[in-house]
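Student: Residues per chain, in single letters:
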Amino acid sequence: MTRKLQIVYSDDFNFSIDKKFKRLFEYEQDNRNLIKQEFNNGLISEKEMDEKITKEIKKLNENRTKVNNEIFDYLQEIQTSESDLLKNKDSLLRIGLERPINIDGLKDLVKNVQDIDLVAKFGGKKLKKSETLDAYYIDMYFGIHLHNILRINRAEASRSEFWNSLSVCKEIKEYLIFRNNYVRSSVVDKLKPNSFFIYGQADLVVENHLARPWWATELSRNGSSYESSIDAFKQTQMFTMRWNTMTLIHNRLFSLSVISFMTNQKFKIGIRDVREYLGRVMNDYAASKAFSLDFENYIEEDYDSFLEWQAQDYNPKKLSGPNDFNFPEKAIENKVKILKKITKNALDAKGRRFL
Amino acid sequence: MGNYKALPYSDNGEIFVSVNSIDNSPPNEIQKLLLYNDTPPEKLISIDLRKIQFETVSFTITAKIAKNKNCDSTIVRFDSAWTNFSIMKSINEKDSNETFDIFKTDIVVNKGNISGKCEIRSDYLDENGHIIEQSKIFFVQSDGRSGPDFKDGLFNWKHTEFLIDGEINEENNEFSWYQEVKDLKGLKTLFAIELQENNPINILINDSIEGNIISNVNQLSDEEKTINNLLYLIMGYGPFIIEVFKIYLFLDKAIDASNREEYLNDDNLLIEDNKVSLREKIDIALKEAKEHESKKMVAIAQLLFPSKKNSPEGSLIYISEMANNIKFNEILQKATVVYQQDLFKFDKKISNDLEELRGVIRNSRNDNLETEVDDD
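Chains as they are written, first to last, in this note's numbering: chain A, 1 to 355; chain B, 1001 to 1376.
Every clue listed holds true.
Distance condition first, Cα-Cα at most 20 Å in a straight line; then the derived EDC-like pairs of lysine to aspartate or glutamate:
1) 289(A) x 1093(B)
2) 1111(B) x 301(A)
3) 1287(B) x 18(A)
4) 192(A) x 1283(B)
5) 19(A) x 1283(B)
6) 22(A) x 1280(B)
7) 1290(B) x 18(A)
8) 1295(B) x 161(A)
9) 19(A) x 1293(B)
10) 1051(B) x 98(A)
11) 1290(B) x 12(A)
12) 1281(B) x 28(A)
13) 1290(B) x 1197(B)
Quick caveat, the hints were computed from the structure, so don't treat them as lab data.
Quantities reported herein were computed from a predicted structural model and do not represent experimental measurements.
Looking at chain A on its own, in the form it has when it is part of the complex (with noise of 0.2 Å):
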């Protein structure tokens, strides 16, 4: 039997995720700043400033490692009741999650996304010893399993409802706080509760660790294949937290070809200034005629292999997503060119040549 998700939609549920867990993330004021303003302005030599900084880390670091865990306490121990559940089809239908979505899969996804030297596989990393993985790799893997386990479509993707639900599922209250933990710098990091559940629009392609990778998948897949989700991924935050706001972005062969652009291009800067700069030549761009005739973006996707994709099960050692559409590698080829004579002619912020 499959094990379908429940939606969670009552006046209890949204006040214990919006008023309660919100307010469990309060730290203590980061004045590393202040420390070395002082010593900018003289006032304490380098060795004091040193000092007091340690003195200051270990103080965040205690404070943001409790909080933290209050704040994961507090997730674990979210229990819905039936009451919580929105089990009336109007009141399901209302909302665009009337279709029963199944999510045997999640079990096995999360108990793989924690193997790291898997998840590097998959990305095609050879992990070397001692080496750690990027936090990117854990977004694409997961991303892309939850993208192929989910099945679901854009419109049910824009749901908070939808998210909420599956935050408070056992396995994903334990990926979340796997992944909000993976990222560990000489400072423990400052949470967001958006990482966790989604309060606006803004979340679903930038916060929500949940959403954020699933969207990335689907802005970057080429009708049934991941390739260039991983491609868009590998970018780091590109792809996954700054471009996808851009309307752009959301035409399917600019953005395959863009990806295909970065993934493939030598450049003359770093690509981190690339990654940075490149999205204000794009958006003036855009905004040009050119970008309308180059990039026309209709397509009449086929429904009905997407529908017949959305019947079958998740098979993790054959991810496919729907044939709904695809463009072929010449085409994008084509446009790769285009993308090349456009950021040729182009200056940084800094007023250096991209290529």
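With the hints as your guide, set chain B onto chain A.
Tutor: Frame of chain A, contents of chain B only:
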């Protein structure tokens, strides 16, 4: 290399949208009635897909522009912000008559790709590819996700009878608004309103007034529809102004919760250096408000202060200047224009019909006069 900035094109290009097919079949008569309510295509400013069952829908989009603008091509855009879904289609072929160039195309949209209020608009380009005109936005409401909108979001329109056969309507007795109507002897008024915490204002249309708004517009003549629209225009104005006051009260409360002197000077004007910081405070207060309420407040503020929409401090904080005498006048003056222009869309809904309506009245009066003369 700067960011793209929108140039101030006028939005006089016309756009007409109709449903060409629903799940590959042309819409039947009932579906047409549900979608258009007998409104002629040139009067339609939105389509509500919630009224029909569909999996895929095909729209025919017609973009029309005055011939003397020398338009060479158009770009039709469909955007569903919630689902990050967009379509951008160039139309290079046109039909022309003496006064207009007409560009036509079809687009197909799957239900699973859209949510909330979607937008269709058209850009009109000259032969050099420069935008010379834009169309107004045509809205497609795709599902139950509601947004601030004059007819289906900002206010609730309810029909009721203040009097039944000249007597008190007992069914309304339980409502406080009805008590007020009775106390003030206003049973023969056009409408009443009911204000509710965290919910849209109810506008209660008094059906016991003969000729008041008729909800079933299918059988109405164009002139009668114009009267309907004029009545909507009248009834919505007061509640809109109330919404503006409610925003002011919300902001005032939020500012009081902080250090008031930090944000407003003695004249109740915003302190320039602290505007962004105030926005941050207000954003926190907005998060505490109901989603519908916070969206509504931001949307109205953006209509009142469009030039501040993308500024770091945003539009909303400017309503907090209402306590200043001069700003109070300015804001209410703005609200009066915005209500007609952006909320009600007077230009689209009524503008040209007024003269037609007067023409009908004049002609009918002349007919009567002629009849009277004949009788003599």
